[in-house]
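Participant: Single-letter residue listing:
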Amino acid sequence: MTPVVSAKGIVKRYGHVTAIDRSDFELRPGEILAVIGDNGAGKSSIVKAICGATVPDEGEILIEGKPVKFSSPIEARDMGIEIVYQNLALSPALSIADNMFTGRELRKPGFLGKVLRMLDKPAMEKFAREKLTELGLMTVQSIKQPVETLSGGQRQGVAVARAAAFATKFIIMDEPTAALGVKESRKVLELIKDVRARGIPIILISHNMPHVFEVADRIHIHRLGKRLCTIDPKDYTMSDAVAFMTGAKEPPARDAA
Amino acid sequence: MTTKASYEKVIDQGDSEVAKFETRHHSLLDRVQHVLHNNPTFVPVIVLMISLLAFWVIAGGRFFSAFNLSLIMQQVSIIGMLAAAQSLIIITAGIDLSVAAIMILMSVIMGKLSIDFGVPPTIAIAIGAVGGMLAGAMNGLLITKIKLPPFITTLGTWSIFFALNLWLSGAQSIRSQDIDENAAFLKFFGNAINIGGARITFGVILMIVIFVVLWYMLNKTAWGRHVYAIGDDMEAAEMSGIRTERTLVSVYMLAGLVCAIAGWASIGRVGSISPQSFYEGNLQSITAVVIGGISLFGGRGSIMGALFGALIVGVFQSGLRMAGVDVLWQVFAIGWLIIIAVAIDQWIRRVSA
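Taken in order, these protein sequences are the chains called D and U.
All residue numbers for the first sequence refer to the working numbering, where the first residue is 1 and numbers rise by one.
All residue numbers for the second sequence refer to the working numbering, where the first residue is 258 and numbers rise by one.
Check the hints yourself; a few may be wrong.
[As the list claims (entries may be wrong)] Within a straight-line C-alpha distance of at most 25 Å, the following computed DSS-like cross-link-like pairs (lysine-lysine) qualify: (1) 249(D) x 234(D); (2) 131(D) x 169(D); (3) 108(D) x 477(U); (4) 477(U) x 131(D); (5) 121(D) x 131(D); (6) 126(D) x 477(U); (7) 477(U) x 114(D); (8) 121(D) x 108(D); (9) 121(D) x 477(U); (10) 477(U) x 144(D).
[Said to hold, decoys possible] One side only, chain U facing chain D, incomplete, derived with CB under 10 Å: (11) 294; (12) 477; (13) 479; (14) 481; (15) 552; (16) 556.
No lab work stands behind these hints, which were simulated from the structure alone.
The model shown is predicted, which means the values in this text are computed figures rather than measured ones.
The beta-carbon is built from N, C-alpha and C at its ideal position, and this holds for glycine as well.
Using the sequences and the hints given, assemble the complete structure.
Facilitator: Laid out in structure tokens, this is it:
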């Protein structure tokens with residue numbers, strides 16, 4: 001089966017600092033791939049290189065077998081790659097519906113849309129409501145409600161719903177549970193599984209081992225700027241993963257990068 | 258794949274609703290805060306209504322006559338247009354200290370070209386309009402490309418545009434008669450329709466048209482949503498795929514265009530073209546925007562608020578004058594209005610769910 005993402009020998013340097021040191025990366029269809037690593041290991045850097053937020057100096061990235069060279073996340077988005085940023089990238093004062101469609105608004109058909117550039121607010125609100133309902137998130141009062149009046153978990157839900165609604169290739173989630181309480185984290189984890197059940201693969205960057213071991217199908221362990229190994233969470237314990245991540249233990253040869 | 262961690266097992270026994278809104282009883286003040294949060298123009302509209310009624314009582318029927326009310330509209334028309342331009346900028350969390358300087362510079366260019374150089378007024382106006390956009394583009398590019406703060410950028414361009422204006426005009430006014438003889442079209446917006454004692458100048462109509470068009474652009478088009486998103490949280494806007502730099506430059510260019518149009522309208526309003534006029538226009542436009550409930554922190558408020566803000570200032574000035582109050586107390590009152598408006602904005606922004 002062709003991997004959704006396959007990156008080989010990625011290098012990114014910032015002056016004397018090598019953020020990515022000939023790293024590989026692979027995301028398979030329908031899976032949740034967790035990316036873990038110590039602070040400064042470069043796990044964000046490798047993911048940024050895949051979604052176009054940074055342009056790697058060397059290496060090759062294939063998406064569904066085709067080589068790509070993104071120069072911005074907008075290009076990646078146009079291909080159906082969605083990112084849920086840690087700070088969510090939502091505009092607090094705008095409504096849920098406005099936020100779902102930021103940068104890809106729907107315009108009314110005909111003269112109103114083409115000449116007067118009028119937005120089709122009813123259509124956008126309907127779509128937003130449907131997407132939130134599908135993911136079981138319609139506990140919000142109104143789709144026109146500003147995002148700043150939502151709780152942290154609800155905001156995360158809106159960001160995930162936005163990604164799920166538009167992603168056709170895969171979704172990257174950066175620390176989706178970092179800022180949430182226990183109950184809200186649980187809800188977001190269920191959401192992540194829901195999204196996988198729809199067949200959309202997910203790259204999950206997280207520090208939270210219990211969450212990673214719960215939802216991930218495979219775990220990519222990043223160390224010193226490159227992929228150290230990829231493990232199956234069923235075969236290892238959390239302490240094994242932490243040991244690999246911190247260099248306390250060498251990964252077995254069969255799993256090494 | 259393991260299941261829930263053991264410490265989470267008890268969650269299921271708890272309340273299953275996630276992050277549901279508390280249904281605690283909201284106090285009246287909470288509800289007022291909420292309504293104002295959703296409708297930022299309520300405050301200026303209410304203040305405008307109350308001040309109209311108050312001055313009707315204080316200054317009598319002469320104040321509340323069709324003639325005087327239409328006169329207030331004429332008096333605020335130019336500052337109103339500048340406030341419309343200023344609103345665009347302030348919604349992006351910027352500020353433009355150069356709006357009045359752009360306006361005067363463009364009115365001088367329009368006048369000089371058509372009177373000293375014999376350029377047909379329509380062409381002179383078109384050149385002025387393009388000049389306004391270029392001046393705005395200069396502000397916008399300095400802010401986005403060189404990453405200068407808007408306050409400093411426009412403080413600088415204010416001086417630059419003002420100096421250019423003095424150089425071009427030789428610090429001399431262009432007399433009303435000269436305009437009438439050579440380029441009467443420059444005074445187009447001074448024409449008026451009289452209806453039952455009210456005198457509605459074309460300039461007043463233009464101001465309202467500008468507000469309606471900009472309101473439409475801000476609220477009904479994707480561009481407008483992007484302008485709000487940028488003012489709200491620039492980084493988030495960028496990450497959600499908005500081309501923030503391009504949008505910001507377009508905002509400053511549009512503001513510059515509106516200022517140039519205001520420059521044309523000012524010729525009709527004032528009669529002559531004076532390089533020294535509207536020297537306080539920059540600050541007056543900010544006053545109108547702030548009193549109109551548009552947040553100086555960006556992303557919040559309706560451009561219509563700026564129209565009401567300009568009208569509130571006009572009503573206060575006219576009412577206090579008719580009530581025989583010294584001019585200094587008019588200035589005093591406007592000062593308090595600004596402070597109260599910003600305090601209310603801060604309170605509304607702290608709205609809780």
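Participant: Compare the structure with each hint and give your call.
Facilitator: Going through the hints against the structure:
no. : hint            : verdict
1   : 249(D) x 234(D) : holds, 18 Å
2   : 131(D) x 169(D) : holds, 18 Å
3   : 108(D) x 477(U) : holds, 10 Å
4   : 477(U) x 131(D) : holds, 23 Å
5   : 121(D) x 131(D) : holds, 15 Å
6   : 126(D) x 477(U) : holds, 17 Å
7   : 477(U) x 114(D) : holds, 13 Å
8   : 121(D) x 108(D) : holds, 8 Å
9   : 121(D) x 477(U) : holds, 8 Å
10  : 477(U) x 144(D) : holds, 14 Å
11  : 294             : holds, 8 Å
12  : 477             : holds, 5 Å
13  : 479             : holds, 4 Å
14  : 481             : holds, 8 Å
15  : 552             : holds, 9 Å
16  : 556             : holds, 5 Å
Checked against the numbered hints given earlier, this structure breaks none of them.
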